[in-house]
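Knowing the structure of chain A, use the given hints to seat chain B on it.
As a plain string of letters, each chain reads:
There are 2 protein chains.
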Amino acid sequence: MAAKPVIVLVRPQLGENIGKAARAMLNFGLAEMRLVAPRDGWPNPSAGPAAAGADLVLEQAEVFESLADAVHDCANVYATTVRKRGVTKPVLTPEEAAREIHAQPGRSAFVFGPERSGLETDDVALSRAIVTVPINPEFGSLNLAQAVILCAYEWSKQADLVQPTTEDLLPPAPQDELEGMIGQFEALLEPRGYFRPPSRAAATRRTLRTMLTKPGWNHLEVRTMRGVLSALKRRPEEPEKG
Amino acid sequence: MAAKPVIVLVRPQLGENIGKAARAMLNFGLAEMRLVAPRDGWPNPSAGPAAAGADLVLEQAEVFESLADAVHDCANVYATTVRKRGVTKPVLTPEEAAREIHAQPGRSAFVFGPERSGLETDDVALSRAIVTVPINPEFGSLNLAQAVILCAYEWSKQADLVQPTTEDLLPPAPQDELEGMIGQFEALLEPRGYFRPPSRAAATRRTLRTMLTKPGWNHLEVRTMRGVLSALKRRPEEPEKG
Numbered sequence: 001m002a003a004k005p006v007i008v009l010v011r012p013q014l015g016e017n018i019g020k021a022a023r024a025m026l027n028f029g030l031a032e033m034r035l036v037a038p039r040d041g042w043p044n045p046s047a048g049p050a051a052a053g054a055d056l057v058l059e060q061a062e063v064f065e066s067l068a069d070a071v072h073d074c075a076n077v078y079a080t081t082v083r084k085r086g087v088t089k090p091v092l093t094p095e096e097a098a099r100e101i102h103a104q105p106g107r108s109a110f111v112f113g114p115e116r117s118g119l120e121t122d123d124v125a126l127s128r129a130i131v132t133v134p135i136n137p138e139f140g141s142l143n144l145a146q147a148v149i150l151c152a153y154e155w156s157k158q159a160d161l162v163q164p165t166t167e168d169l170l171p172p173a174p175q176d177e178l179e180g181m182i183g184q185f186e187a188l189l190e191p192r193g194y195f196r197p198p199s200r201a202a203a204t205r206r207t208l209r210t211m212l213t214k215p216g217w218n219h220l221e222v223r224t225m226r227g228v229l230s231a232l233k234r235r236p237e238e239p240e241k242g
Numbered sequence: 001m002a003a004k005p006v007i008v009l010v011r012p013q014l015g016e017n018i019g020k021a022a023r024a025m026l027n028f029g030l031a032e033m034r035l036v037a038p039r040d041g042w043p044n045p046s047a048g049p050a051a052a053g054a055d056l057v058l059e060q061a062e063v064f065e066s067l068a069d070a071v072h073d074c075a076n077v078y079a080t081t082v083r084k085r086g087v088t089k090p091v092l093t094p095e096e097a098a099r100e101i102h103a104q105p106g107r108s109a110f111v112f113g114p115e116r117s118g119l120e121t122d123d124v125a126l127s128r129a130i131v132t133v134p135i136n137p138e139f140g141s142l143n144l145a146q147a148v149i150l151c152a153y154e155w156s157k158q159a160d161l162v163q164p165t166t167e168d169l170l171p172p173a174p175q176d177e178l179e180g181m182i183g184q185f186e187a188l189l190e191p192r193g194y195f196r197p198p199s200r201a202a203a204t205r206r207t208l209r210t211m212l213t214k215p216g217w218n219h220l221e222v223r224t225m226r227g228v229l230s231a232l233k234r235r236p237e238e239p240e241k242g
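Protein sequence lines, in the order shown, are assigned to chains A and B. For the first sequence, UniProt numbering assigns the number 1 to the initial residue and increments by one for each residue that follows. For the second sequence, UniProt numbering assigns the number 1 to the initial residue and increments by one for each residue that follows.
Isolated chain A, as found in the complex (with noise of 0.2 Å):
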């Protein structure tokens, strides 16, 4: 398996925002963090609070003089971008980059320009690829954070981390249990004049059933209608609010 990409921040400028950012990684697995020259220097009273418990990623973050220092070791380089510039480079939405990263041997980063302006046209130069998120072109306003963690979570997700499952759903219930259930439905209908008139009730008793297939109902759920019915079948002890 590939290595975990590099997250890389250039000249970030809130210490709020390089928190944000770390909490962002760590809900996605990625935990190395490193910083081009931020504005404000390193540490930053204001990173801890804003991520929100993910301090590990910013007590062992990293920082470099310049990004071509930052991605020393790095074999794929990833620059992001809100839009498309001159430049003659491969662009990318997160998820194709993820699936590079997860394809390619060496280590990748993804790297991030500051909050106002983005990355500079000789960061981008350093990149093998642009990244952009393909955004509503009437509104596009992702800050540092919210590029960060969309990125992250496209590389998470093929990165087999926890699935949701939904082991613990039964299976529909056996066919003759349906059937029993369909039975006391029509045992109960038929005296009270729900298949009448007779020229219909061929076709009532379809629909009836074709709705009552139709949920997949497991074990308990047919044994919960039952339940239902029985009770319906009683005379009501109050009077009815129905």
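All the given hints hold, so there is nothing to weed out.
Remember, identical chains collapse to one label, so a pair may be satisfied in a single copy or spanning two.
Pairs of lysine to any residue residues, derived as SDA-like cross-links and limited to a Cα-Cα distance of at most 25 Å, are as follows:
id	residue 1	residue 2
1	Lys-233	Phe-195
2	Lys-4	Pro-137
3	Lys-4	Phe-139
4	Lys-4	Glu-65
Hints in this document: simulated from the structure, not taken from any laboratory.
Chain B in isolation, oriented as in the chain A frame:
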């Protein structure tokens, strides 16, 4: 093409987070926000600055008293939760949910709980499926706007794809029709002692609701079931066989 999903925030606490959610939505082309009982009322002066230009979303946001009201016209309701609960509903990733939303007819809603506590069991019971973002099991700390942006992003990723729709299938009945049917069940069952003892009543109601929500019955099927219930309420004319 299926309609864009609605984003429903249930009992959001901070106006700032409502604004951030609006910004997250609009980045990915979603503009319809619904608020259920926002803690500090609505409008909230803290929301605008955090929306960073997504004021349109806030101006058009609608406020409802209950989640059932907020999703009254939605056929496909997805409850987002951080972790699995003891609820037997399908658990989907945001990507899987987005795929369903694009493929299904009828309106869909992504539902998000309050910042601190998340959705309550009764809110989850209203939904057809649960959406869980697969995150780092050792550090799960997604905030509200981050959860919103991941769902909106996944929806948007698939918005360009032309999905074959199954247009001859009727969509699930809107939530208010479903509520009407569940209400009819309860009104019939209550005087027949189905919800006794009182200590079990809430759980029994939830089980009933989950079972009746699962099928995704369409308008016609809900009407059929309501006809069945009306028939069951009548006294039998002939001796019962069941």
